[in-house]
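**Q** Okay, here's what each chain looks like letter by letter:
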Amino acid sequence: MKKILDNISLYLSFLKISLKEILIYRLDCIVGIISQLIVQAVSLIFIFIVFQNTENIAGWNFRQILLLYGVTRIAIGISGYCFDGLYDIGPKYMQNGEFDKILLRPVHPLISIIGASREFVSLADFFIGLGITIYMLIELSIPITILLVVKIIFFSVIGALIIGAINTIFSISSFWTYKSNEVIWSFYNIYAFAEYPIDIYNRFIKILITLILPFAFVAYYPTMDYLGLNNYMLYLSPFIAIILWIIAVKLWNIALNKYRSTGT
Amino acid sequence: MPIIEVKNLVKQYKIIEKQDGLLGYFKNLIKPQYKKIIAVNNINFEIKEGELVGYIGENGAGKSTTIKMLTGLLTPTSGKIVVNGLIPNEKRIQNNKNIGAVFGQKTQLWWDLPVIESFRLIKKIFKIPENEYRKNLKRFTEILDLEDLLDKQVKNLSLGQKMRCEIAATFLHNPKIVYLDEPTIGLDVFVKENIRKFIKEINKEKKTTVILTTHDLKDIEDVCDRIILLDRGQIIYDGEKQKFKDIYGKYTLAEIIVSSKNLSVKDKLQSNVFEIIEENEKEMKIKFKHDETTIVKIMNDISEYCVIEDIHMRESELEDILKEIYKGAYKNGANNDSIRKNAIKKI
Numbered sequence: 006m007k008k009i010l011d012n013i014s015l016y017l018s019f020l021k022i023s024l025k026e027i028l029i030y031r032l033d034c035i036v037g038i039i040s041q042l043i044v045q046a047v048s049l050i051f052i053f054i055v056f057q058n059t060e061n062i063a064g065w066n067f068r069q070i071l072l073l074y075g076v077t078r079i080a081i082g083i084s085g086y087c088f089d090g091l092y093d094i095g096p097k098y099m100q101n102g103e104f105d106k107i108l109l110r111p112v113h114p115l116i117s118i119i120g121a122s123r124e125f126v127s128l129a130d131f132f133i134g135l136g137i138t139i140y141m142l143i144e145l146s147i148p149i150t151i152l153l154v155v156k157i158i159f160f161s162v163i164g165a166l167i168i169g170a171i172n173t174i175f176s177i178s179s180f181w182t183y184k185s186n187e188v189i190w191s192f193y194n195i196y197a198f199a200e201y202p203i204d205i206y207n208r209f210i211k212i213l214i215t216l217i218l219p220f221a222f223v224a225y226y227p228t229m230d231y232l233g234l235n236n237y238m239l240y241l242s243p244f245i246a247i248i249l250w251i252i253a254v255k256l257w258n259i260a261l262n263k264y265r266s267t268g269t
Numbered sequence: 036m037p038i039i040e041v042k043n044l045v046k047q048y049k050i051i052e053k054q055d056g057l058l059g060y061f062k063n064l065i066k067p068q069y070k071k072i073i074a075v076n077n078i079n080f081e082i083k084e085g086e087l088v089g090y091i092g093e094n095g096a097g098k099s100t101t102i103k104m105l106t107g108l109l110t111p112t113s114g115k116i117v118v119n120g121l122i123p124n125e126k127r128i129q130n131n132k133n134i135g136a137v138f139g140q141k142t143q144l145w146w147d148l149p150v151i152e153s154f155r156l157i158k159k160i161f162k163i164p165e166n167e168y169r170k171n172l173k174r175f176t177e178i179l180d181l182e183d184l185l186d187k188q189v190k191n192l193s194l195g196q197k198m199r200c201e202i203a204a205t206f207l208h209n210p211k212i213v214y215l216d217e218p219t220i221g222l223d224v225f226v227k228e229n230i231r232k233f234i235k236e237i238n239k240e241k242k243t244t245v246i247l248t249t250h251d252l253k254d255i256e257d258v259c260d261r262i263i264l265l266d267r268g269q270i271i272y273d274g275e276k277q278k279f280k281d282i283y284g285k286y287t288l289a290e291i292i293v294s295s296k297n298l299s300v301k302d303k304l305q306s307n308v309f310e311i312i313e314e315n316e317k318e319m320k321i322k323f324k325h326d327e328t329t330i331v332k333i334m335n336d337i338s339e340y341c342v343i344e345d346i347h348m349r350e351s352e353l354e355d356i357l358k359e360i361y362k363g364a365y366k367n368g369a370n371n372d373s374i375r376k377n378a379i380k381k382i
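Note that the protein sequences, when read in sequence, are chains A and B.
When we follow my numbering, the leftmost residue of the first sequence carries the number 6, and every step to the right adds one.
When we follow my numbering, the leftmost residue of the second sequence carries the number 36, and every step to the right adds one.
Where hints are given, some of them may not hold.
Stated by the list, open to error - Just so you have them, the derived chain A footprint on chain B, three or more residues with Cβ under 8 Å: (1) 119 to 128; (2) 131 to 140; (3) 152 to 160; (4) 343 to 351.
To be verified - Calculated lysine to aspartate or glutamate pairs in the EDC-like style (CA-CA distance at most 20 Å, straight line): (5) A:Lys255 x B:Asp336; (6) B:Lys162 x A:Asp11; (7) A:Lys263 x B:Asp302; (8) A:Lys25 x B:Asp186; (9) B:Lys322 x B:Asp302; (10) B:Lys296 x B:Asp336; (11) B:Lys187 x A:Glu26; (12) B:Lys141 x A:Asp11.
To be clear, the hints were calculated from the coordinates, so they are not data collected in a lab.
Keep in mind it's a predicted model, so treat the numbers as computed, not measured.
Even glycine gets a Cβ: it sits at the ideal position worked out from N, Cα and C.
Work out the full structure: start from the sequences and follow the hints.
**A** This is the structure we're talking about:
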């Protein structure tokens, strides 16, 4: 337990120093946040257009869909900021031998890597998501109780952890490709499925986003709960997060050992 | 008990053999042909605590591969490594607490931030106690003259300044063993001397074991007591630095400035007591041993062919000796190992 706390504390230190590094480049930050705002606006306009042509999607109305969107953005914002370091381990560490430096620290390399996140703009995602979520909760006249706030915080963190674990698993390909992680980008496209109620999809996609890449647990099941649509799947999500992280770390260690023995 | 123990260590790489032509590239894509390369071939050595060891050899001799195995970055193909009671590639994280490493020009400092921020984070990573951190920081600042650098961003430092900070960062957690892989590459003489002085002082104070690879043999001359010479993956000399020089290469080098020289003296003058290494119209380099001839005799011989203007003499240094060993290999190619082996037997 002490080891875990130590690691978390170190991770936060890494994150803090990365944040300091980002803030030095003020213009970079501002441009990044503006571009993130544009991306969000486009997504919202898209949802808006869809609902000009239909009353509901799989029984969900405009406001409910927007709530789902907001909850999704909160989780993506957190994971984007906390686990971003994994995207570019190919060019950032493998190609130039920087990885050796990380392996020489008395810390698991994953802590160093995820701590080196510079995706400050994800915080824009987070705040947009938070704003939309609160606005829609009011619009849908869902009472904002302490229990609901605790639930939103808890399940958003769990959702971020699920995305983080899947990121970690996909980042393994960088050990051999040395490239930036296109696999993770393609997985983000799959992720787009989870921004809508899973009932609209056929069985294959449903299985994909609940069992194989359990994105449905990131926002869909939690949002159902916030809407008062009871579901038991939601309570599986903490376990899914834990299991995914165990798998991710184990696979990562195997890949690391393999990498060290080939010495490429 | 030795702090580092290496037994029958072998590292073999498998690399893809490139095939020519576009067709060859496609063949590689589908069914690559692998070629095995032995980077480190069955080496053995032991290093005691507090030793200053120069680990030298040509490019590609296997130095960096060995260092990477010692630090646990690479897994050996076979053989045994024990560092401070641990097997580095199995207990890498634990081993990392006891070691420090500098790899060439790569920096472990955070590029965009003031140096002191990196030091503080290193303190946290290695869990350095507050008083120890302060004591080391003060001492290192003093020797390496870091006072004005600590608040500067790393990216604004010169190469020499950066390396001084880098060295300080490496020793900050009082590592028992430090691996320095080309720490002085590209630095000016003053910084080099500063870093050498630092290594020597810290070694004296804390009994830090240092393994140094370098192409600047002045580093070795100045810092190390012991040399391990590596050649094509094998150790060809392991022992005291002084002995290496005594046995193998105690000779004198004379640079003679000449004039009125038209012909090649080397072709005319055959001698078995001295050797003309280089010559051109204005200068000749000659190698001889004091117990076999004298400079006066040599001058006598040469003066038949030219006018001697000036003479500089010096005793052979480590660099000269190594040059000879390497040159032997270059001249005779890979198929003539016997000359090189003889040279080694002499040692």
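**Q** All hints, please: hold or fail.
**A** So, going through the hints one by one against the coordinates:
| no. | hint | in the structure |
| --- | --- | --- |
| 1 | 119 to 128 | holds (count 3) |
| 2 | 131 to 140 | holds (count 5) |
| 3 | 152 to 160 | holds (count 4) |
| 4 | 343 to 351 | violated (count 0) |
| 5 | A:Lys255 x B:Asp336 | violated, 76 Å |
| 6 | B:Lys162 x A:Asp11 | holds, 10 Å |
| 7 | A:Lys263 x B:Asp302 | violated, 58 Å |
| 8 | A:Lys25 x B:Asp186 | holds, 14 Å |
| 9 | B:Lys322 x B:Asp302 | holds, 16 Å |
| 10 | B:Lys296 x B:Asp336 | holds, 14 Å |
| 11 | B:Lys187 x A:Glu26 | holds, 14 Å |
| 12 | B:Lys141 x A:Asp11 | violated, 27 Å |
Of the numbered hints listed earlier, those contradicted by the structure are 4, 5, 7, 12.
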